[in-house]
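S.K.: Given only the sequences and the hints, what does the whole structure look like? Please build it.
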Amino acid sequence: MKKRITTIFTLAALTIATVSCKDKAKEATTAEVQEVKTEASASQKYIADAAASSIQWKGNKPGGSHNGTIKIENGVLSANGDKIESGSFLINMGSIVVEDIPADDKMNGKLLGHLKDADFFDVEAHPNAAFEITGSTVAEGKTMLSGNLSIKGIKHNITFPVSVTNDANGLTLTSETFTIDRTKWDIKYKSKSVFGDLGDKFINDDIELKITVKAAKA
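Numbering-wise (the UniProt record's numbering), the sequence shown opens with residue 1 and increments by one.
Hints are computed from structural coordinates only; laboratory data are not their basis.
Here the structure is a predicted model, which means the values were calculated and not measured.
Note that the Cβ used here is the ideal one computed from N, Cα and C, for glycine as well.
Mixed in with the good hints there might be a few duds.
[Stated by the list, open to error] Here are the simulated DSS-like cross-link-like pairs (lysine-lysine), alpha carbons at most 30 Å apart as the crow flies:
#  : residue 1 : residue 2
1  : 210       : 155
2  : 192       : 155
3  : 210       : 192
4  : 192       : 110
5  : 214       : 201
6  : 152       : 188
7  : 210       : 184
8  : 210       : 110
9  : 71        : 106
10 : 71        : 188
[To be verified] Derived Cβ-Cβ restraints for the label pairs, each shown as a range:
#  : residue 1 : residue 2 : range
11 : 138       : 39        : 14 to 22 Å
12 : 35        : 140       : 20 to 28 Å
13 : 197       : 47        : 44 to 52 Å
M.R.: Below you can see the structure in the form of structure tokens.
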């Protein structure tokens, strides 16, 4: 009987581990800064609709997570059909919102203040982040978009999968959910890879992101 119970728990643990691995978003490929693409003569220019564009974020820690959104302040994209040729957008870090805690709960304000202070995004010193497109390729049937991501004045080139739709109403670029390692942008608060004595009081290095940019023809 004891052996049977042990086997059941082992199978359950393996099932949970398998599901967790399957559901975990892939980390964006990170490389050195690359040259920014310029607009090609045959490209159509699109202006981002700030009200309809945003970035969803999620941070995880043992026993829980927090999530919310950040606004895209402005941006421009150039595309030839469904192929993104070049572009960039500015991210308003002061617009960060926490969605998993009610807005009128004091813990919402506490977390929001912490995310904006120097432990995390240091919004006072670095009010904006930015993304500049450096190229796109197709791999295994997916469009892989590359660009220089600047956070807290630190730039790294990242590559992640996106889908692009282009119709009479304009262009929509939507990324799959992907992760970045926050420590590469000097966000080290309670990072287990930086501080070795945190026990289970750490916050995962990976931040999940999902980008949506809606844009109209210029």
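S.K.: Within 14 to 22 Å: is that where the Cβ-Cβ distance between residue 138 and residue 39 falls?
M.R.: 20 Å, holds
S.K.: Please work out if residue 192 and residue 110 have their alpha carbons no farther apart than 30 Å.
M.R.: The given pair, whose Cα atoms are some 22 Å apart, holds under the 30 Å limit.
S.K.: For residue 210 and residue 110, compute the direct alpha-carbon distance and say whether it is at most 30 Å.
M.R.: 24 Å, holds
S.K.: Would you check the hint for residue 152 and residue 188, treating anything up to 30 Å between C-alpha atoms as holding?
M.R.: Answer holds: residue 152 to residue 188 is near 12 Å, not above 30 Å.
S.K.: Quickly compare the C-alpha distance for residue 192 and residue 155 to 30 Å and report which way the hint goes.
M.R.: Distance ~22 Å between residue 192 and residue 155 Cα, so the pair holds.
S.K.: Could you grab the alpha-carbon distance between residue 210 and residue 192 and see if it respects the 30 Å cut-off?
M.R.: This hinted pair holds, its Cα atoms lying about 24 Å apart.
S.K.: Would you check the hint for residue 71 and residue 106, treating anything up to 30 Å between C-alpha atoms as holding?
M.R.: 22 Å, holds
S.K.: Hint says 20 to 28 Å; check whether the CB-CB distance for residue 35 and residue 140 agrees.
M.R.: Holds, at about 25 Å.
S.K.: Regarding the pair residue 71 and residue 188, is the alpha-carbon distance no greater than 30 Å?
M.R.: Status holds; Cα separation ~23 Å.
S.K.: Does residue 184 lie within 30 Å of residue 210 when you go C-alpha to C-alpha?
M.R.: Distance ~19 Å between residue 210 and residue 184 Cα, so the pair holds.
S.K.: Please check whether residue 197 and residue 47 have a Cβ separation lying inside 44 to 52 Å.
M.R.: Holds, at about 49 Å.
S.K.: Can you confirm whether the C-alpha distance between residue 214 and residue 201 stays at or below 30 Å?
M.R.: It is violated: about 38 Å lies between the C-alpha atoms, which goes past 30 Å.
The structure is inconsistent with hint 5 alone, although it conforms to all the rest.
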